[in-house]
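Asks: To convert, note that position 282 of the sequence shown is 400 in my numbering; the numbers rise steadily by one, no gaps.
Please keep in mind that the hints were generated in silico from the structure rather than gathered at the bench. Hints should not be assumed to be uniformly reliable.
Derived pair list, reagent style DSS-like, types lysine-lysine, alpha-carbon separation capped at 30 Å [claimed, not checked]:
1) 211 - 196
2) 411 - 357
3) 171 - 154
4) 411 - 366
5) 211 - 154
6) 179 - 154
7) 230 - 154
8) 120 - 171
9) 120 - 196
10) 357 - 320
11) 154 - 120
12) 179 - 120
13) 230 - 120
14) 154 - 196
15) 171 - 196
16) 120 - 235
17) 211 - 120
18) 446 - 411
19) 411 - 238
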Amino acid sequence: MKELIANNLTVAVTRFLAEQQIHLDAVPTVVIDHVKDNRHGDLASNIAMILAKPVSMPPRKVAEGVLALLPPMPAVEKTEIAGPGFINFFLAKTAHLQVIPDILAEAGLYGKSTAGKGHKILLEFVSSNPTGPIHIGHGRGAAYGSVLARLLTEAGYAVTTEYYVNDAGRQMDILASSVWLRLLQIRHRLQFSFPANAYQGKYIEDIASGYIRSNQSVAVPDTTALRNLLDEQIDDDTKIDLVIAFAKTALGLQVYGSLFDYTLDEILGEIREDLAEFGVNFDNWFSERSLIKSGAVNNCIARLQTAGDIYEQDGAMWFRSTKYGDEKDRVVIRENGQATYFA
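The task is simple: from the sequences and hints, build the whole structure.
Replies: This is the structure in structure tokens:
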């Protein structure tokens, strides 16, 4: 529709210039834009204001002259001149229906093209941290990403959709430790203050109960030491880090790892089901932990060190990213030895 109106407006401009006996080296390109406020129509052009100076006439006068010479367009219900000289076009309701015969005639081929042939696209979307169920905001991103993937595929691109699973780092340890604490409350009837910044949704209880039903036993820790830790008057971040360390020591790394993996699998399974229920599926679920286990992160940091782009400060290792135009340098290894998400 924009192309149709632009072509007809170009014809009208050419006629107007001829009628006024004005010769220009080149007829200005007619641009048609969507109107932000539909009270002013559907499409608009500023061609009258562009012509005003070359033809030495007020823009609104130019607009009147151009519109008088505009070829008939059944798809346009009316036109009007607005503001300093905008030409606004109001489309007829039937104009929006004209594409339907083309859609029906082309059937499954409608909208397809080869514009992206030979190009690969890795499209990552949603990538919600697997620390809980997805919410409506994630659902919006999921629908948007899925539609974009389908459009790009129809345009000929080789599209791979990916969900980047943030299954490493502190938040995942907080998650596993939260399940462990709930498990102790449910199975061993232990009473204690739950950490303020642990995960506390009902889904944590459900995962703990499921772990118990799977007949996987968890030894009871030194309950006095645990209660003392949970009751200690220290800041929340320090406390949850101490709880994580306590859980790993009390359970042993093998059992802790088993609980960690069970929790991750349960949440990822629910996320997969929720997404699949409204038609969003991924070609690849990429694990962040795989980057760490493969040594890719350490290898990357080692290369940056060799290049002189890593320095130590306040017990942490920093990437000299300002050297490459960043607003500030970035931490890659925290004081506790853990790699950051940035790394």
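Asks: Hinted pair, alpha-carbon criterion (30 Å max): residue 154, residue 196. Please report holds or violated.
Replies: With a Cα-Cα distance of about 18 Å, the restraint between residue 154 and residue 196 holds, given a limit of 30 Å.
Asks: Has the given pair, residue 179 with residue 120, been kept, meaning a C-alpha gap of at most 30 Å?
Replies: Distance ~23 Å between residue 179 and residue 120 Cα, so the pair holds.
Asks: Take a quick look at whether residue 120 and residue 235 sit within 30 Å of each other, Cα to Cα.
Replies: This hinted pair holds, its Cα atoms lying about 26 Å apart.
Asks: Is residue 411 within 30 Å of residue 238, Cα to Cα?
Replies: 27 Å, holds
Asks: Compare the distance between the alpha carbons of residue 120 and residue 171 with 30 Å, and conclude whether the hinted pair is satisfied.
Replies: 25 Å, holds
Asks: Given the hint that residue 171 pairs with residue 154, does the C-alpha gap stay at or below 30 Å?
Replies: 26 Å, holds
Asks: Checking one constraint from the list: CA of residue 120 to CA of residue 196, max 30 Å. Satisfied?
Replies: Status holds; Cα separation ~15 Å.
Asks: Residue 179 and residue 154 were given as a pair; does the straight-line alpha-carbon distance stay at or below 30 Å?
Replies: 24 Å, holds
Asks: Mind checking the alpha carbons of residue 230 and residue 154 for me, to see if they're no more than 30 Å apart?
Replies: 29 Å, holds
Asks: Given the hint that residue 357 pairs with residue 320, does the C-alpha gap stay at or below 30 Å?
Replies: 22 Å, holds
Asks: Within 30 Å, alpha carbon to alpha carbon, are residue 230 and residue 120?
Replies: 20 Å, holds
Asks: Are residue 171 and residue 196 close enough, with their CA atoms no more than 30 Å apart?
Replies: Holds - the C-alpha atoms of residue 196 and residue 171 are around 27 Å apart, at most 30 Å.
Violated hints for the displayed structure: none, as all numbered hints are satisfied.
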